[in-house]
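Novice: In the order they appear, the protein sequences are chains H and R.
Once you know that position 92 of the first sequence is 92 in our numbering, the rest is easy, because the numbers rise by one and skip nothing.
Once you know that position 222 of the second sequence is 577 in our numbering, the rest is easy, because the numbers rise by one and skip nothing.
Worth flagging that the hints you see were computed from the coordinates, not collected in a lab.
Incorrect hints may have been included.
As the list claims (entries may be wrong) - Taking CB as the label site, the calculated pair distances span:
| # | chain 1 | residue 1 | chain 2 | residue 2 | range |
| --- | --- | --- | --- | --- | --- |
| 1 | R | Arg493 | H | Pro288 | 48 to 56 Å |
| 2 | R | Arg510 | H | Arg332 | 55 to 63 Å |
| 3 | R | Arg493 | H | Thr2 | 53 to 61 Å |
As the list claims (entries may be wrong) - Which bits of chain H does chain R cover? Going by a derived footprint, with three or more residues having C-beta under 8 Å, they are:
| # | region |
| --- | --- |
| 4 | 98 to 107 |
| 5 | 111 to 119 |
Built from N, CA and C at the ideal position, the CB exists for glycine as well.
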Amino acid sequence: MTLSVDVAARRGAFEVRAAFEAEAGETVALLGPNGSGKSTLVLAIAGLLSEVEGRIALDDVVLDDDGGHVPPERRPIGVVFQDLLLFPHLSAVENVAFGLRARGADAAQARTKARAALDRLGLGERADARPRDLSGGEAQRVALARALVGEPALLLLDEPLSALDVGTRVEVRELVRDQLRGFPGVRVVVTHDPVEASALADRLVLLEGGRVTQIGSPEEIRTSPRSRYAADFVGVNAFSGRLERLPDGAGALTTAGARVVVPWPEDASGGEVIALLRPSDVTLSLGPPVGSARNVFDGPVSWIAIEGDRARVRVASAPPLVADLTVGSVERLGLREGVRVWASFKAVEVRVLPR
Amino acid sequence: MLLVGLPLLGLIVRTPWGRIGEVLTSDTALTALRLSLVVATTAAAISFVLGFPLAWLLVRSPFPGKTFVRALVVLPLVMPPVVAGVGLLAAFGRRGIAGSWLYDWFGFQLTFTTGAAVLAASFVSFPLAVLALEAGLRGLDVRLEDAASTLGASRWYVMRRVTLPLMAPQIAAALVLSWARALGEFGATITFAGNLQGRTQTLPLAVFERLQSDQDAAFAISMLLIAIAFAVIIGLRGRFLR
């Protein structure tokens, strides 16, 4: 089973053009910032957009092309929406049974099957709860069960973890990964979070401003990001700007209203460049650091993601920075969103590339 | 307080509590009550059945002249009921633009029938139903309907199991408001349907007629209508008053 997408999808004035394929048994992540067109693409694949040009097909079953449009209710696709969209007036088990009933199963049979699906996700106890009484993680499981119970050929997850707090996210990420692994069909995950994408996906499709900028394994994209955006979004710090030579022989990059000291590249003559910096080379401290680092920027912590024993911390400094540190350091420094920190790194750690 | 309280107090004082049971179970009152319930219930049902598709169009589909249509829908709310009655006469009266046709072809005359009372009541209560249903549709997250369709639900199934249940509070409000408005309808009814006992004489019309012959009865029936109004307010308490 192969999902092949080659479309121009429009929503309002916004247009996404994207072409990619996804095989059964692999997980493909559509990764991009807000407004890159990920959600529009999800709606197009699910059949919820009327303005789609091009072709969407599952093997040789055409879902969209010039000749026609298969309505969402006749597509073999299970969708988990960003804000889940559980039916508030139905209990968990009724939510899960909904699709079975809609496709003609009788009430008792659908209920039994839905209950079994909830049991498998460890939610048997909560089967009769209404969505508003479920915790974030529980609601997420109900949404997964609802999408999976009809045995679709394609599973589409739109930002499956974005609605959850940091603590629950780690737990649900494991669950989502297990469910994805156990799902035999085509799996497409949409996310703006590179950590989430690398945790879940075998292959990434990077979207930027409605266009695909790169397709490859997380490894490939990490080692050779093809755009400033790609570098940024796989977590590498990227600064673009104008390079000038300092009197002491180093280079100075002017970016986002700030000056970053970088090594002077041997073959460079200045001008527009991109500079890359690994998040693990950024050090965080609660006061101005004592040391040899020539680049120090301060600002509040804007975001923390924990994966295993590593934590990725985004600092809203100018320029904005991403730092990788251990969970232990995060705890020792008492970091949380809003705490002011000083981020520092050595000039020699920065890699400068001509633009 | 005085503005609302004094007339209420006046009514309470003047109501012949001693013979209220006797007055309310008199033939005239019972007939009027029965007729009122039939007329108001039918009108509320008509308002809902016609109001739902219209509210749907107003909320969900763009069409030219929408502002005009919405103004037209609200018009019966603000026009004097007598004028509504005159308008209905001009349309469905024996010499009216549609009425004359009905009479010539089918020998059917709407005026002075219970049907006319229902039509008058529907005309004035319809806007309330549309407004309540419109608010309901507007407040509905259409993406829930999208989610339902990705689960294999046809349009009709989505409507039945998602849209309508989620709108239940507004549907109830639409029915209760239009029912209450229809129950109190006077001007359009007396103008268009006349005041015929057993056929078009609803409770308000009975009050009006009693006032000239048997004031005790008028006050007693008024009290009954106020009791119904209170029941409606209590029923809608959670919805509009808090």
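Novice: Would you mind marking each hint as holding or not holding in the structure?
Specialist: Against the structure, the hints come out as follows:
no.: 1; hint: R:Arg493 <-> H:Pro288: 48 to 56 Å; verdict: 54 Å, holds
no.: 2; hint: R:Arg510 <-> H:Arg332: 55 to 63 Å; verdict: 57 Å, holds
no.: 3; hint: R:Arg493 <-> H:Thr2: 53 to 61 Å; verdict: 41 Å, violated
no.: 4; hint: 98 to 107; verdict: holds (count 5)
no.: 5; hint: 111 to 119; verdict: violated (count 0)
Of the numbered hints listed earlier, those contradicted by the structure are 3 and 5.
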